[in-house]
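**Student:** Given next are the chains, with one letter for each unit.
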Amino acid sequence: MSAVPDIEISRTTEAEVDHFAEAEILSKRHAVGKIWRVVFASSTLVGIIALTALLLNIINSAFGYVAFENTIQPEQLAISGVSIEEMSREDLVIVLGNHVSQGLMRRFEDEMPWEERTREDVYDLVQERVVKPTTVAQWSLYQSLFKVDEIRQEIAEKYRGADVIFKSWITVDFITSPQSSNALIAGVRTAILGSLWTILIAISFSFPIGVGAAIYLQEYAKDNFINRIIQTNLNNLAGVPSIIYGILGLALFVRTLNQFTSGAVFGYADPMTANGRTILSAGLTLGLLILPLIIINAQEAIKAVPNSLREASYGMGATRWQTVWNHVLPSALPGILTGTILAISRAIGETAPLVVVGASTFITFDPTGPFSKFTTLPIQIYQWTSRPQDVFRNIAAGAIIVLLVMLLSMNAFAVLLRNRYSRRI
Amino acid sequence: MNLKKKRRLGESIVQGFLFLSGVLSIFITIGIIFELGTESMLFFTRVQWERSNRLITQEIEPGLTEFEVSESGETLREGDLIRLRNEEMRIIEVQSGRLYVERGARDTEQVFHSEGTAIEKATQVTFLEFFGKTDWNPQIGRFGIWALVNSTLMTSLFAIAVAFPVGLSVAIFLSEYASPRFRSVLKPILEVLAGIPTVVYGYFALTFMTPLLRLIFGNNVVEIYNTASAGIVIGILIIPMVSSMSEDALSAVPNSLREAAYGLGATKFETALQVVLPAGFSGVAAAFIVATSRAIGETMIVAIAAGAGSNFTFNPFKAAETMTGHIVRISGGDLSYNSLDYNSLFAIGLMLFFMTLALNIFSQRIVKKFREVYQ
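Top to bottom, those sequences are chains S and H. Residue numbers for the first sequence follow this note's numbering, beginning at 1 and rising by one. Residue numbers for the second sequence follow this note's numbering, beginning at 1 and rising by one.
Check each hint, because a few of them may be wrong.
Dumping the calculated PhoX-like pairs for lysine-lysine here, alpha-carbon to alpha-carbon at most 20 Å [stated by the list, open to error]: (1) S/Lys167 x S/Lys132; (2) S/Lys34 x H/Lys268; (3) H/Lys268 x S/Lys28.
What the hints contain is simulated information worked out from the structure, not anything from laboratory work.
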């Protein structure tokens with residue numbers, strides 16, 4: 001009965017529905033697109049948040065209130081009104097002699113005669129052996145800034161008699177004093193010098209060889225089997241986990257080449273380091289590790305030198321080596337250096353291979369040469385972090401800041417170098 | 001005029017040096033494989049002595065090849081190597097309580113043994129045990145690699161779960177959505193993140209991520225050292241790697257493809273997901289695989305945050321030592337070169353080397369095979 005109007009109605013609506021549906025789908029598609037856009041944008045935030053959290057976390061531990069107790073108050077050590085801060089070296093030696101055993105004094109003397117020690121050195125010894133400050137509690141920066149009242153209350157309840165100071169764990173003293181088992185006086189000088197020594201050896205080994213290999217592969221190598229193997233092999237080597245290099249270093253430098261890396265070949269015999277776990281072994285291991293990186297970076301830099309330069313040089317009758325030495329290398333040098341600096345900053349941060357090669361857990365004396373025992377900054381951080389006492393986390397944070405500042409300034413230098421010279425070619 | 005090429009000695013020497021430098025990298029690889037291989041062989045052939053809980057019940061003069069032993073204790077079989085004090089013997093035949101042996105096996109000296117001397121039995125680590133068992137405890141002679149591999153896979157899985165979605169999203173955002181100015185701000189931040197030493201990330205895992213997890217899931221559930229925290233932080237570490245490699249792949253997709261998609265009425269999101277991503281698939285996949293290999297080989301984060309002592313568990317909130325963590329821990333102490341521990345380092349290292357090498361080669365193959373080449 002009502003069939004006819006029904007059909008008419010449905011016709012008009014069908015078209016309309018189609019139209020509406022399409023518009024609805026389109027807006028839905030755009031909505032989906034917008035939602036995903038937000039998702040993508042917020043995941044980039046994740047990276048920023050992670051970096052911020054990491055830095056804040058470190059800064060949070062590197063500063064804050066510390067409560068510590070002295071075994072002997074420094075005031076009691078004053079001789080006729082002169083406090084130990086103002087004492088001369090000789091008086092400090094007397095103070096030290098009054099408070100530690102004769103045997104210990106003799107050991108200090110054996111390590112280094114008193115006449116050769118600086119005043120600061122003796123002062124540090126007095127601090128470490130006589131005053132013996134020990135931390136009883138420490139608070140993070142956040143607590144120290146916003147919860148001062150709670151800290152005061154805690155000190156009043158638990159740590160009566162302790163000295164409380166607001167301490168920055170990273171100070172000039174921290175950078176210039178040697179390692180110590182006492183967190184309050186421990187420093188990173190030994191570790192920084194160790195890092196510099198290993199890097200120096202690594203770079204003097206791998207820079208000439210790395211650049212040489214890059215020149216060979218870019219300028220001399222023909223496209224044959226052996227050169228293709230070298231190239232593939234390089235890419236694979238760059239992906240080998242660093243700890244594998246550590247194992248290689250342990251087997252090759254520490255064990256097989258023991259006589260060489262401990263210096264016995266050169267007549268350098270120190271029973272303390274004769275097992276080959278020396279700066280030289282560590283440096284060479286790091287050298288192997290960064291070699292593929294240096295080669296690949298140098299190859300890129302050499303590749304970027306325009307061919308017209310080479311052709312002009314050949315046209316003037318230069319030989320291949322003259323072309324490379326006089327024209328290709330100078331133009332590629334900024335790129336090569338940038339790549340090398342990046343490789344160095346990778347090497348400075350490496351920890352695992354050096355632990356495997358056999359870094360020393362505790363040395364207080366500066367390295368004297370390539371055949372000394374070694375520790376480096378990241379290894380120091382690792383060891384302090386793995387200690388059970390919380391206070392070592394604080395000095396680990398201080399050491400991390402030193403390490404990051406070193407790395408950032410190197411990277412900034414690399415970027416500067418790149419920007420300064422990249423316009424020339 | 002003589003137009004023949006002049007021989008230049010200096011140049012030949014230089015060229016020789018350059019060639020040697022190039023070839024050195026091959027020797028490094030050979031060195032790695034050789035050292036890892038030979039020491040691993042030692043690991044599987046080195047004899048270890050275990051108490052058999054058996055004694056000899058008579059005196060043995062040098063030269064005597066059959067003697068009585070006590071009944072209880074470990075079973076001794078034909079062909080087994082046994083040791084009485086310093087003298088080794090190979091068993092030729094066993095008859096209830098009576099042994100027929102070859103004296104002075106493996107060039108040891110034949111000596112007199114008094115009654116009641118304990119018999120030690122030789123054991124070796126077999127492939128079957130190495131790849132078949134799930135407990136790793138060198139002190140009592142247990143060498144089942146799965147305990148270590150399992151925790152390595154757990155941390156890597158966590159890392160992948162964090163880094164793949166985030167890294168890929170960052171890459172899509174950078175290459176498809178972000179303005180050049182924003183990109184020039186964000187990329188250095190990611191580079192800084194990538195340049196931070198892993199030991200710092202380890203510190204971060206232990207002093208930030210673990211307390212955070214313990215706050216969320218409760219101190220009873222989450223141990224101080226756990227694989228979840230280490231895995232998540234490894235994930236953060238490899239985000240820059242995933243995002244920068246993927247972004248390179250996505251940016252390399254020619255604009256004509258995007259414009260064609262827009263022309264057909266696709267939205268920006270549809271273009272990114274259905275056109276750009278498939279076109280850059282090979283690069284993205286390669287980035288994922290290389291990042292996975294990096295996560296497997298990552299050492300310091302797990303050494304600091306995942307705990308010491310192997311533990312075969314699927315609970316991510318429990319401490320479990322990974323392959324790399326184990327290598328760092330046992331090589332940190334003074335290690336004797338003639339010990340099974342020392343050799344086991346190399347067996348683990350070899351396994352790690354092949355795992356990462358396989359992944360790296362696989363990623364290179366993917367790039368070669370699936371690369372879409374556009375004009």
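**Student:** Each of the hints needs a verdict: does it hold here or not?
**Tutor:** Now the hints, each set against the structure:
1. S/Lys167 x S/Lys132: It holds: about 17 Å lies between the C-alpha atoms, which stays within 20 Å.
2. S/Lys34 x H/Lys268: 9 Å, holds
3. H/Lys268 x S/Lys28: Roughly 13 Å between the alpha carbons, so the hint for H/Lys268 and S/Lys28 holds.
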